[in-house]
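Mind docking chain B on chain A? Use the hints.
Protein chains in written order, with the numbering used here: chain A, 1 to 112; chain B, 1001 to 1116.
Calculated directly from the structure, the hints in this document are not laboratory data. Some hints here could point you the wrong way.
[Unchecked claim] Partial chain B-side listing against chain A, Cβ under 8 Å, derived: (1) Phe1045; (2) Glu1056; (3) Phe1074; (4) Gln1105.
Even glycine gets a Cβ: it sits at the ideal position worked out from N, Cα and C.
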Amino acid sequence: AQSVTQLGSHVSVSEGALVLLRCNYSSSVPPYLFWYVQYPNQGLQLLLKYTTGATLVKGINGFEAEFKKSETSFHLTKPSAHMSDAAEYFCAINNAGNMLTFGGGTRLMVKP
Amino acid sequence: DTGVSQDPRHKITKRGQNVTFRCDPISEHNRLYWYRQTLGQGPEFLTYFQNEAQLEKSRLLSDRFSAERPKGSFSTLEIQRTEQGDSAMYLCASSPPGLAVTYEQYFGPGTRLTVT
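Pulled out of the complex, with its shape left as it was, chain A reads as follows:
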């Protein structure tokens, strides 16, 4: 079985501050990991993904995430938050099956 836990359903940062969204996973086999972003009343857009190889993954809009097997984590970071980053972020896992398993999501709020 596979599962994803996102710590913090709501995160608030000031514009220009570091963004850190936490994701921990459980998987019996090496996982494929993803971060998606969802804006209100829209579908999900892929930010970045980890499959194999380099554990630090860079994505769109300045986001990056680091796969840490020993900590079973895949936290999402961005050095400097922008107002347009306010959205819901979902971490997801696929351990080579046919479905994505998502975490509960983290709503990011950016204060001016």
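The following block gives chain B in isolation, referenced to the frame of chain A:
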């Protein structure tokens, strides 16, 4: 626009009515998925097609739900005798053929269902 499209975007129906949603995947994507997302939650897997074959179904997909992909292109999701608990966003996603080593899925904008 060559992304995944879904129709309708919004649907309001009365309890007990049947509804049908359509999904058009990205051209040449042979894998198609349906997910359900309730308010404040992450999407939950419902079912998966490879070409026209429905290969996997979640236990969330009760007998009132049926999905088809008749020619391996677009897909429909039908809910019969809708209940208020069916109110959710229904998301469709597709992914390309081949080894699918990245298992990346591309999502449509979703259909928001409200059952009154």
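Quick rundown of the hints versus the structure:
| no. | hint | verdict |
| --- | --- | --- |
| 1 | Phe1045 | 4 Å, holds |
| 2 | Glu1056 | 5 Å, holds |
| 3 | Phe1074 | 16 Å, violated |
| 4 | Gln1105 | 6 Å, holds |
In the structure shown, a violation is registered for the earlier hint numbered 3 alone.
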